[in-house]
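Asks: Using the sequences and the accompanying hints, generate a full structural model.
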Amino acid sequence: MRDFWNRFSQHKGAVLGLVFLTIVVTIAFVTPALFPVSPWKMVQRPFLPPFTIDRFPLGTDALGRDVLAGLAYGAQVSLLIGLISTAAALLIGIPIGLVAGYFGGRTDDVMMRFTEFFQTVPSFALAIVLVAIFQPSIKSIIAAIGIVSWPPVARLVRGEVLSLRSREYVEAAILSGQTHFTIITRQILPNTLSPIIVLASLMVATAILLESSLSFMGLGDPNLMSWGYMIGAARTVIRQAWWLSFFPGIAILLTVLALNLIGEGLNDALNPRLSRRVK
Amino acid sequence: MSQPVLSVEQLYITLPPGADRPYAVDNVSFDLLAGEILCIVGESGSGKSMSAHAMMGLLPEGVEPSGGTIRYAGLDLLKLTDPQLRKLRGQRIGMIFQEPMAALNPLMRVEDQIAEVFEAHGLLTASERRARAVKLLEEVGIPDPPKAAKAFPFQMSGGQRQRVVIAMALALQPEILIADEPTTALDVTTQAQILKLIRDIQKKRGMAVMFITHDFGVVAEIADRVAVMQSGRIVEAGTAQAILTAPQHDYTRKLLAAIPSLATSAARATATTAPLLQVDGLFKTFRTSQGMIRKTERVVHAIDDVSLTLHEGETLGVVGESGSGKSTLGRCLVRLIEPDAGTVRLAGTDMSHLKGEALRAARKTIQMIFQDPYASLNPRASVGRIISEGPIAHGVPKREALAKAAELLTLVGLDASAIRRYPHEFSGGQRQRIGIARALALEPRVIIADEAVSALDVSIQAQVLDLLADLKRRLNLSLVFITHDLRVAATICDRIAVMQKGKLVEIGDTHEIFTRPKMAYTRLLLDAIPGREMEQAAVVKAS
Amino acid sequence: MLRFILARLGKAAGILLAIVALNFLLIHAAPGDPAAVMAGESGATDEKFIAQLRAQFGLDRSLPEQLAIYMKGVATLDLGYSYRQQMPVADLIFQRLPATLLLTMSAFVISLLLGTLAGVLASARVGTVADSIISTLALIFYATPLFWVALMAVILFSVTLDWLPGFGYETVGAGYTGLRRALDIAAHLVLPATTLGLFFMAVYMRMTRASMLEVSRLDFVKTARAKGLAPRTILWRHTFRNAMLPVVTLAGLQAGQLVGGAVLTETVFAWPGIGRLMFEALQQRDYNLLLGIFFVSAAMVLLFNLITDIAYRVVDPRIRAS
Numbered sequence: 497m498r499d500f501w502n503r504f505s506q507h508k509g510a511v512l513g514l515v516f517l518t519i520v521v522t523i524a525f526v527t528p529a530l531f532p533v534s535p536w537k538m539v540q541r542p543f544l545p546p547f548t549i550d551r552f553p554l555g556t557d558a559l560g561r562d563v564l565a566g567l568a569y570g571a572q573v574s575l576l577i578g579l580i581s582t583a584a585a586l587l588i589g590i591p592i593g594l595v596a597g598y599f600g601g602r603t604d605d606v607m608m609r610f611t612e613f614f615q616t617v618p619s620f621a622l623a624i625v626l627v628a629i630f631q632p633s634i635k636s637i638i639a640a641i642g643i644v645s646w647p648p649v650a651r652l653v654r655g656e657v658l659s660l661r662s663r664e665y666v667e668a669a670i671l672s673g674q675t676h677f678t679i680i681t682r683q684i685l686p687n688t689l690s691p692i693i694v695l696a697s698l699m700v701a702t703a704i705l706l707e708s709s710l711s712f713m714g715l716g717d718p719n720l721m722s723w724g725y726m727i728g729a730a731r732t733v734i735r736q737a738w739w740l741s742f743f744p745g746i747a748i749l750l751t752v753l754a755l756n757l758i759g760e761g762l763n764d765a766l767n768p769r770l771s772r773r774v775k
Numbered sequence: 003m004s005q006p007v008l009s010v011e012q013l014y015i016t017l018p019p020g021a022d023r024p025y026a027v028d029n030v031s032f033d034l035l036a037g038e039i040l041c042i043v044g045e046s047g048s049g050k051s052m053s054a055h056a057m058m059g060l061l062p063e064g065v066e067p068s069g070g071t072i073r074y075a076g077l078d079l080l081k082l083t084d085p086q087l088r089k090l091r092g093q094r095i096g097m098i099f100q101e102p103m104a105a106l107n108p109l110m111r112v113e114d115q116i117a118e119v120f121e122a123h124g125l126l127t128a129s130e131r132r133a134r135a136v137k138l139l140e141e142v143g144i145p146d147p148p149k150a151a152k153a154f155p156f157q158m159s160g161g162q163r164q165r166v167v168i169a170m171a172l173a174l175q176p177e178i179l180i181a182d183e184p185t186t187a188l189d190v191t192t193q194a195q196i197l198k199l200i201r202d203i204q205k206k207r208g209m210a211v212m213f214i215t216h217d218f219g220v221v222a223e224i225a226d227r228v229a230v231m232q233s234g235r236i237v238e239a240g241t242a243q244a245i246l247t248a249p250q251h252d253y254t255r256k257l258l259a260a261i262p263s264l265a266t267s268a269a270r271a272t273a274t275t276a277p278l279l280q281v282d283g284l285f286k287t288f289r290t291s292q293g294m295i296r297k298t299e300r301v302v303h304a305i306d307d308v309s310l311t312l313h314e315g316e317t318l319g320v321v322g323e324s325g326s327g328k329s330t331l332g333r334c335l336v337r338l339i340e341p342d343a344g345t346v347r348l349a350g351t352d353m354s355h356l357k358g359e360a361l362r363a364a365r366k367t368i369q370m371i372f373q374d375p376y377a378s379l380n381p382r383a384s385v386g387r388i389i390s391e392g393p394i395a396h397g398v399p400k401r402e403a404l405a406k407a408a409e410l411l412t413l414v415g416l417d418a419s420a421i422r423r424y425p426h427e428f429s430g431g432q433r434q435r436i437g438i439a440r441a442l443a444l445e446p447r448v449i450i451a452d453e454a455v456s457a458l459d460v461s462i463q464a465q466v467l468d469l470l471a472d473l474k475r476r477l478n479l480s481l482v483f484i485t486h487d488l489r490v491a492a493t494i495c496d497r498i499a500v501m502q503k504g505k506l507v508e509i510g511d512t513h514e515i516f517t518r519p520k521m522a523y524t525r526l527l528l529d530a531i532p533g534r535e536m537e538q539a540a541v542v543k544a545s
Numbered sequence: 016m017l018r019f020i021l022a023r024l025g026k027a028a029g030i031l032l033a034i035v036a037l038n039f040l041l042i043h044a045a046p047g048d049p050a051a052v053m054a055g056e057s058g059a060t061d062e063k064f065i066a067q068l069r070a071q072f073g074l075d076r077s078l079p080e081q082l083a084i085y086m087k088g089v090a091t092l093d094l095g096y097s098y099r100q101q102m103p104v105a106d107l108i109f110q111r112l113p114a115t116l117l118l119t120m121s122a123f124v125i126s127l128l129l130g131t132l133a134g135v136l137a138s139a140r141v142g143t144v145a146d147s148i149i150s151t152l153a154l155i156f157y158a159t160p161l162f163w164v165a166l167m168a169v170i171l172f173s174v175t176l177d178w179l180p181g182f183g184y185e186t187v188g189a190g191y192t193g194l195r196r197a198l199d200i201a202a203h204l205v206l207p208a209t210t211l212g213l214f215f216m217a218v219y220m221r222m223t224r225a226s227m228l229e230v231s232r233l234d235f236v237k238t239a240r241a242k243g244l245a246p247r248t249i250l251w252r253h254t255f256r257n258a259m260l261p262v263v264t265l266a267g268l269q270a271g272q273l274v275g276g277a278v279l280t281e282t283v284f285a286w287p288g289i290g291r292l293m294f295e296a297l298q299q300r301d302y303n304l305l306l307g308i309f310f311v312s313a314a315m316v317l318l319f320n321l322i323t324d325i326a327y328r329v330v331d332p333r334i335r336a337s
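Residue numbers (the working numbering), protein chains in the order written: chain H, 497 to 775; chain S, 3 to 545; chain D, 16 to 337.
In short, the hints are calculated from the structure, not lab data. Note that CB positions come from ideal geometry on N, CA and C, so glycine has one too. One or more hints might be untrue.
To give a feel for the contact side, a few chain H residues facing chain S, derived at Cβ under 8 Å [stated by the list, open to error]: (1) Arg663; (2) Glu664; (3) Ile670.
Label pairs and their computed distance ranges (CB to CB) [what the hints assert, rightly or not]: (4) H/Leu689 with S/Leu361: 26 to 34 Å; (5) H/Leu689 with S/Ala363: 29 to 37 Å; (6) S/Tyr424 with H/Leu576: 37 to 45 Å.
Replies: Listed below in structure tokens is the structure:
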């Protein structure tokens, strides 16, 4: 465990990312206490510029709503949707990849055709179509993002399983009479966890980007204040109130960046390079 | 004595901090003389190829020369800038590496890669270069040079690619040729051909050759002088004759003693016990279909009608080169690969047609020891778990299985406390011992050893072979020993089966095979063993 | 090669068929009456229109029959009718398709060229300040939401600095022709194509850098040095050519993202392509149009994949031989 942390912390960016993410998560948790007033409520005059009144440091939007409160509630939405949709994608993709890679043959063919189909279809367009047809709500958004994001997971898991399947210690396990299930869960899966974890952190980042893009297009859950929605709503008044688009965008950028950096740090920590041997 | 073409004087090469020792090369001095082959011998990690890389300025990142000189043509190579070194590379000093596939650019045709050498030094026109490339291919013995010139590397065999690499190195007729383990990745017969090629070319052109290797057999074949390296230092140097027949230093003696000898005795017990494993008419064909619409098939007859018998308490060797089918045979015996036809009978039971639960239960009667110590143990499982998994899968209670595992570890020469440790804490040789313990855990009747010592250094190899011989005696093991190394086969096997391209060419007592081989291929294989002549001469002298 | 293309086209047709089936499923899975779904929000109030749809698509017949009718329709390029826009969907889409093609192709070329060049530069100067700057920029571009950077670009370059136009395809009402018109369109293209390409620039830069570093450690590069070749020759002829292979593969995989990104870019820059059309369809709840665009964008992606696959085969002789 200590080794893991040592290697992770060598990547300075990853540590920064982790710090930032912790802040965001904390904000998401304490938001109801910090901002008891709903972000949809009008609290001041519209188009209050930032840094003019202490109580509303980031100003207000076209309907007089507190931008900072919006950011805080948006953090909840982004993280929630990001995490759950990634979990959904993993739940779909990992079993498919495991089965396809381990059993090979016809099963593999069928699964891969299925995966290819979902990878070929433009994912954002599909997400739009799904959310539009099933009406925007937090459930449909999470489902849509999950459905659109699982193919890379299946691909990755399948690739790893294929290379492990022919590794000698797996052959030894087969020879020792272990059942398929035991081999998959005890020999193969633990050795595929590292790349899955790295991929998962990057997927949360992508999910957040997807969610904000959908909200920007007006496909967000109408009851949830999200960063994408804030930017979308501010589009028409961009000339007078640049800050309404600016701050939520920075929030998205920094969160996604933090997650990417954490992913890189995890990669360094979980896949240490083999030391060069002197020849 | 002629003037040295190149002199290495008191060379020090440092490694980056955190390496297992401070110097890759520690106060090393030697000379290269024209018309002579100097062999630098050592095990992996000895630093033997470092000085060669330093000569060419090709040391990897973080590794730097920190003292001494390399004198060539009145210059100190260590003090030259990269542009200055570039003029020498290829033109005055040529270098060839170990992996021929990796040494050639997969996207460029062979003639272009050879022509590049001329281009790099601004010589000849484009068409002249290509013509010279074809000439060079002819000189290194490639069949149909004009066609080969237009080919891509992946279309050639390993031996042919290495010839191309040699052609590239010789193109500008350098004074010095550095060969860094050029035959290690090749089959034994191909190796014999390449060694002959290098010897012939060297004689014809009078080059100074520096040949780096770990194989003393190769040294016996081609070396004029030898330098033995250990942990960055030269422990002994002299003429090949002197080093091979009368080594002075302990390490040299140890290395030479570790080489499995080709001496076989007729006194080894021939098969008088009952047959245990019977293989009849085994077939396995691999079909790879390529192309999308019109499927062109490539058919490989990996096992072509093979029948043999293993007797109780006997060690049967299966030898052959790559593509002979010996590994496929091993895997078919344990049903990791399904044979297409034929039967495998173990103590009367037909193993080859069992399925499901019956197969799982029958698996404990036949086990395998694998080749790669770094890939045969689950990195995330403790040694105890690795060894006890088999018995546990067959119903043995965990505590008992772990106790047995501890016993087995002591049996193979490791401490019982290894049970709690993880594979990465052990060396290659120790991991192989763990693999042996794992194979023994299920108390199988037959063990298949698939190139079980091929990935180990020669001194470790000797230890593991001793262990296997010891266990054989104690436990009356019946082994099928698959290997490409005839020396190893001579040491440990009672009978030997020779395979070529899927067919069983010859099978018989070890002594018979080595002294009176019947088939032409067997003779070819035996002749190709590097250092055989010298050893036979020594044997004749001794008797 | 021809065989390969035919095989891939066959495969693509299969996928398109599956997409049509998917569209069909979605129409029927959506909440509400399928006819109302197909009519869209505006058309749903027109009883006559709905009755027409019912008859046309045989909505009173069995499901498999409906699927067959629907598929036949798509095969004849009848993608339905947009009530709101009062035009057949197919016409609407093909009217706007060229603009999207122009945008996505430009973004692709810009991102590939700049991205790979930056990657080569970063790998050649690995560990230096130049490398750090390039890598950090790539990291930031990779994390930046496309629609946001598009908005910021409009504010900065169009509104504040007034260097480039931020809306539309060409200057309306100016009546340019020939070269003048092309240049005008090009000026309008700069911001949208660059912002769309920003993310992919980062992707290609990182992939190229990693691939170059990996290939430079391989033995044949050492051999090239041992031959006495100049560093620049080694970089381009040996390292680059081999390092590009995975990047080409990656480019193919990115096609889907590129088309999806076009939706956002066209929305922000009011670029008259099918992405913008998708946004309008969303706002108007015009599901027929929406699904039609979805189908066409999938076809675009398939075509693009085919082109990159061919390119890969041309570049790598090992694949050609098999």
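Asks: Please go over all the hints and tell whether each is borne out by the structure.
Replies: Cross-check of the supplied hints:
no. : hint                               : verdict
1   : Arg663                             : holds (5 Å)
2   : Glu664                             : holds (4 Å)
3   : Ile670                             : holds (7 Å)
4   : H/Leu689 with S/Leu361: 26 to 34 Å : holds (30 Å)
5   : H/Leu689 with S/Ala363: 29 to 37 Å : holds (32 Å)
6   : S/Tyr424 with H/Leu576: 37 to 45 Å : holds (38 Å)
In summary, this structure violates none of the numbered hints.
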